[in-house]
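Chemist: What follows is each chain in one-letter form.
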Amino acid sequence: MQYSWFNRNLKWIYTLPAVIFVLLMMLFPIIYTVRISFYEWSMSATTPPAWVGLSNYIALLKDERFWHATGATFYFTILALALEVVLGVGIALLLSREFKGKNLVKTVFLLPMVATPVAMGLVWMLIYEPTIGVANMMLKSLGLEPQLWLASPNQVIPSLVIVDVWEWTPMIALIIMAGLATLPSDPYEAADVDGASAWRKFVSITLPLLKPTIIVAAMLRLIDVLKTFDIIYATTQGGPNFASETLNLYGYVLGFQYFKLGMASSLLVIFFGLVMGLTLFMIWMRKRLEGA
Amino acid sequence: MKRTMKQWIGVSTTAIMTVTMLAGCGSSGSEAGKDQGGQATATAAATANAKPFAGKTISLVTANHPWADAIKPLLPEFEQETGIKVNVESFFEDQLTQKLTVQFTSGSATPDVFMYRPLQEGKLFYKNGWLQPLDDYAQKAKDYDFNDFSKSAIGSTTVDSKLAGIPIITEQEILYYRKDLLEKAGIPVPKTLDELTAAVKKLHDAKNEMYGFVARGQRSPLVTQVSSFLYSEGADFTNGDKAVINTPEAIKAFTTYGTLLKDYAPPGVLNMSWPQAFGIFAQGKVAFLTDANSLYKNLTDPAKSQVADKVGFAVFPSGKAGSKPYSITSWGLAMNTKSANKDAAWAFIQWASSKDTVLKTQQKGNPGARASVWDNPEGTTGFPAELVPIIKESAKAGVDHDRPTVISVGEARDAVGEIVQKVMTGETNIQPVADKANEALQAIMDKDKTK
Numbered sequence: 001m002q003y004s005w006f007n008r009n010l011k012w013i014y015t016l017p018a019v020i021f022v023l024l025m026m027l028f029p030i031i032y033t034v035r036i037s038f039y040e041w042s043m044s045a046t047t048p049p050a051w052v053g054l055s056n057y058i059a060l061l062k063d064e065r066f067w068h069a070t071g072a073t074f075y076f077t078i079l080a081l082a083l084e085v086v087l088g089v090g091i092a093l094l095l096s097r098e099f100k101g102k103n104l105v106k107t108v109f110l111l112p113m114v115a116t117p118v119a120m121g122l123v124w125m126l127i128y129e130p131t132i133g134v135a136n137m138m139l140k141s142l143g144l145e146p147q148l149w150l151a152s153p154n155q156v157i158p159s160l161v162i163v164d165v166w167e168w169t170p171m172i173a174l175i176i177m178a179g180l181a182t183l184p185s186d187p188y189e190a191a192d193v194d195g196a197s198a199w200r201k202f203v204s205i206t207l208p209l210l211k212p213t214i215i216v217a218a219m220l221r222l223i224d225v226l227k228t229f230d231i232i233y234a235t236t237q238g239g240p241n242f243a244s245e246t247l248n249l250y251g252y253v254l255g256f257q258y259f260k261l262g263m264a265s266s267l268l269v270i271f272f273g274l275v276m277g278l279t280l281f282m283i284w285m286r287k288r289l290e291g292a
Numbered sequence: 001m002k003r004t005m006k007q008w009i010g011v012s013t014t015a016i017m018t019v020t021m022l023a024g025c026g027s028s029g030s031e032a033g034k035d036q037g038g039q040a041t042a043t044a045a046a047t048a049n050a051k052p053f054a055g056k057t058i059s060l061v062t063a064n065h066p067w068a069d070a071i072k073p074l075l076p077e078f079e080q081e082t083g084i085k086v087n088v089e090s091f092f093e094d095q096l097t098q099k100l101t102v103q104f105t106s107g108s109a110t111p112d113v114f115m116y117r118p119l120q121e122g123k124l125f126y127k128n129g130w131l132q133p134l135d136d137y138a139q140k141a142k143d144y145d146f147n148d149f150s151k152s153a154i155g156s157t158t159v160d161s162k163l164a165g166i167p168i169i170t171e172q173e174i175l176y177y178r179k180d181l182l183e184k185a186g187i188p189v190p191k192t193l194d195e196l197t198a199a200v201k202k203l204h205d206a207k208n209e210m211y212g213f214v215a216r217g218q219r220s221p222l223v224t225q226v227s228s229f230l231y232s233e234g235a236d237f238t239n240g241d242k243a244v245i246n247t248p249e250a251i252k253a254f255t256t257y258g259t260l261l262k263d264y265a266p267p268g269v270l271n272m273s274w275p276q277a278f279g280i281f282a283q284g285k286v287a288f289l290t291d292a293n294s295l296y297k298n299l300t301d302p303a304k305s306q307v308a309d310k311v312g313f314a315v316f317p318s319g320k321a322g323s324k325p326y327s328i329t330s331w332g333l334a335m336n337t338k339s340a341n342k343d344a345a346w347a348f349i350q351w352a353s354s355k356d357t358v359l360k361t362q363q364k365g366n367p368g369a370r371a372s373v374w375d376n377p378e379g380t381t382g383f384p385a386e387l388v389p390i391i392k393e394s395a396k397a398g399v400d401h402d403r404p405t406v407i408s409v410g411e412a413r414d415a416v417g418e419i420v421q422k423v424m425t426g427e428t429n430i431q432p433v434a435d436k437a438n439e440a441l442q443a444i445m446d447k448d449k450t451k
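Protein chains in written order, with UniProt numbering: chain Z, 1 to 292; chain B, 1 to 451.
Hints should not be assumed to be uniformly reliable.
Calculated lysine-lysine pairs in the DSS-like style (CA-CA distance at most 30 Å, straight line) [said to hold, decoys possible]:
1. B:Lys285 to Z:Lys140
2. Z:Lys140 to B:Lys191
3. B:Lys338 to B:Lys262
4. B:Lys207 to Z:Lys140
5. B:Lys447 to Z:Lys62
6. B:Lys252 to B:Lys179
7. Z:Lys201 to Z:Lys106
8. Z:Lys140 to B:Lys392
9. Z:Lys62 to B:Lys179
10. Z:Lys140 to B:Lys201
11. B:Lys449 to Z:Lys62
12. B:Lys191 to B:Lys201
13. B:Lys338 to B:Lys304
14. B:Lys99 to Z:Lys227
15. B:Lys242 to Z:Lys62
16. B:Lys262 to B:Lys304
17. B:Lys436 to Z:Lys140
One side of the interface only, derived from the structure: several residues of chain B facing chain Z at Cβ under 8 Å [claimed, not checked]:
18. Glu209
19. Gln218
20. Arg219
21. Asp263
22. Pro266
23. Pro267
24. Leu270
25. Ile280
26. Gly284
27. Lys285
28. Ser408
29. Gly410
30. Glu411
31. Gln421
Since the hints were made in silico from the structure, they are not lab data. Predicted model, so just to flag it, every value in this text is computed and none were measured. By construction, the Cβ of each residue, glycine as well, lies at the ideal position given by its N, Cα and C atoms.
Extracted from the complex, chain B is given alone in its bound form (with noise of 0.2 Å):
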């Protein structure tokens, strides 16, 4: 009796998994079912309608972001126009990939249209057949001017020599330093990483809490803020399909950022990211600062700074390859392959990054890739206007990606921080510490061709 009863356990276990397993596969069945309805019902309210896409829903997925801020308002407008209805749904950063990755494994045909990060999920995504090549779509549309996006900005959304995604927010690598004290001393604003380090140490005042320059020590996020001492030195990670960071130039672009941190920085700064470097800026306690140009509001909002009419912003100092920083797309739209309604979706990629709409988004504050609007002057009054200049400036010497661009970014990121890393505890011989990182990231790249 014990065994039958045993055996009788084994049995029902087995089939109560096969049936909640059925039951997955099921509702997930019935759910495509549905949007297949859906969109014969759209499409014949369609034909029956003038407006070519009126009754089609498409859903739209932002992070919590300023722009999407910026563009809900404005839904409303496009719905009017189109006829297409938004439904949109916001998540924080981290939430937002573990979403989509979730969906996108899954074979969602849900979210039509999503706000995606080019340079940390780009390839990822790409390589998953998840993101739908846009070229078509782009080369095609009426009034469109794509060629007015900045050509660095279009770099970084591009995978595999095609589309991946349209950009709609862009960002560079700029110094901010303290005007006040700049002047007091006498020092001109630096034009070249050795005029930096020159005025660094001459600002540098440990015993009184002065520090000479802050910037993120921590090992990923500061991989992407060392990129432009990288590109200034005249180096890169990656040359063609070669993991290229344990150069001359390199090592040098790894020295320079890494010296200045360990002998001029807060202490600390091995556990800072920018939340950390940009507040103890804003307390007033660092004289130079380098990280992107879009988070300049942390240091001139009063509210968050105590230095917010002493902040002054200049072009990332040149090397011996010039002032070369990074000039990226740090968010762009996409489209999902799987999506039912691919030509409502590109209207509405297409109307959000319109000449019109961007004008609008970025008066909020929010950097587009579009250069008119950057010529218009109505399309700069988000931004103070000492900003405006280097803004333009970087974008046109800037280089299109500020991460090893790889499929695995987390890992390549952790690679690369590990020398700097170590320049920043005091590791003196760092040829070795850089040959074995560049093994790390050459592995990590010809996996990749494998995929």
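Next up, chain Z with everything else stripped away, as it sits in the complex (with noise of 0.2 Å):
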């Protein structure tokens, strides 16, 4: 009889470990911090946190700061993942041609992804120094006006965002590539026949057929774009003078800067549902263009 209890509940019993890893993990943190967000909190071991409801959250909406960090993640959300899907999925196209050194070609291009962030965030200042660094000698060769780059309240974000798409527009590449892998090849040959230009055939057959990849590939990136912290605090720190202060970078100014836990928390928390919310949207989205 116990014996049959086990057999008839194997799954539950063998996915036990791992959902109170999970439970652990990833829910304890979160329950956590939406528990201190509603706490005012210092880290002083003299005044301990204290009960404030849902001042923290009315706090952070009155807060010029937020709204602005909010308005830079998505500038730079919007602009790095519109830039990246475009051109990820260019490349992909050009890589999945047969070419000699083709492999050469793929390895030296994937490097981006695998540097360190923090380490690349710094050559990156170095190239955008304005007086010494390389990406004004190049303008200057080119007879153009030398630029400000990070140091300029305007270009800071542009800037940043052309650093996030040479690091992660392979990741898209390398996903839409195996995408093109398992196209069908009927529907080329029939286009074939019925003697279709290159671009046709494109817009026809390859964009619909890989529309799943793509909208998986952007989804993903999307979620990572939201978050990025590393070659902001790097190279700018939220500078010059909060112009690339995104979200995320706000939240670690209000927590270990501030020592205000309570209010970053309530940042998170908002963050976190923002990121669920957006995702959400994508799948809903990616039913509906799908079905169609």
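Grab the two chains, each in its own frame, and use the hints to assemble them into the complex.
Modeler: Encoded structure:
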């Protein structure tokens, strides 16, 4: 009798350790963060956390810097994601053709993805340095005006987007290439018979068939771009004058520089909701698009 | 069946979490027990031995700082003399703060003695009850000569009129300049801020990548360096429990600093902290630089600087209120309130900050806080001869803080730094910006009072 109970519930018993692990490692921090977001806590030993209800959230919604950070987050995310998807698809199409030295090109192309983000940030800081950096040297040799790059409040986000695109486009390209490899060949043969142009084939066959792959790649990247921290922290620390301060960065500053752990937590809860909402929206979009 | 299974999961999760938490408590509990045991045996050994501290062990946490490198080879001497064994651990600056914060929050008895940054963390640590006041120890100590420490250095380590730490590294803001350029243009070394501005204008030649002036332009890092401008114009960050960064004097100081950077600094100065500012000066592209004297090696070391033999030092130029650079303790030694070996810990601090030891560490280029060592010709061998009188003079007139002395220093620095950054980005109507920043600073100070 007992033996059969064990057998019947095998799937539960074997997954139990994993379930517990997930509960401890994922759910607990989230619940704890939500809890702290209702407290005022400065990590002080003498003043214990004090319950303040929703006032952390209200303070945030009244905080100019919070809204600015939200704007910067979306500006950065939308620009980076759009460029990465377009470039990623283009590169995947190029790399899916056969040519000499293809493997070498593929390997070199994937290098940025494996570099340490903070070290990379420091290298890009040197590249962008207005007086002695390579970026301005290149502009000058092309006869263009040197730019301020990271030191200009207007250029800092596009400059950071360039770094992100450089680092992460390969990932999108990699996923798209995998998708391309699975496409059936008959539609192309039929199109060849009909005498369709390469562009026509791309728009009418490749793109629709690739749509699910592109959406998955974009979704994975979206969540990551929203959370970008390392390159911004390593290069500008949110400057100049808050211009590149995203939600993630502001959360860090609130928590570890201002020691306002309650307010930092409430910011992260809002941010968590935002990421979750966007992801659900993407999933919904995906169903709709794939259904169409 | 399904429902019971779910309950099962719930119950076992709770059980496991409880067990884990208990285990956590258990281990820290037993550690505390061990410490007490160690102390008991140590006391027993001490009574049996002639050396008062024989058998005691203290833990010392330092930053990765030249002072730590200078003190480590001297430790065997101290251990021989007192019988105290010193265990040293070193960390990078930011890691150090994090480590100390985490350890103290959990009520740890170690480290007994540690390096800390009095103006950045002093008030926070002290208010949290992590720093043992040292007044009694310092006043009673034999042959210690506490009055030998410079007033401004002690001012930096004093919180609520209690001595929270002993100064070990001091620094002042000075003016660095290019001797060759000034000579060629026939300009004397600027003595006032107006003369400085005029000289900067004269030497600025952006077309040929020669810039008049550079200093920190990043929001938070710039605050310490604009402070000397502030004091020299007769202003300050705070006055009693009022924020005063929107007075006409303060606005004049912020505008002077911001305008020098906006009009005469290399491009990209908005993003510069000291490494970038010193870097571009060392490349020979700048005529003037104001920053801490403790960083002089970045300019005089031929391995780092192309203008190593052309760097001049001068006392900070005077404004309406004279020349008032900051003269502060950038690193201090402090004792953990929870330390189990307070007397041994004090014995170490007393030795490390004694005249003899300070003389030895200062000879290795670590500017100490003892007047007698600075007056001793042997005490200044670690510094360029031209820099020594500048240091002495700056220490005399100096102000004992270089940032708002509040608990939330990071937040206050961001509030103040924004005023200068607005000047640098071309905002001409600076009064409202300063008023808003002043409000923010006032709010931070009011909140401090409740802590």
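Chemist: Check each numbered hint against the structure and report the violated ones by number, ascending.
Modeler: Result: hints 2, 3, 8, 9, 13, 17, 21 and 26 break, sorted rising.
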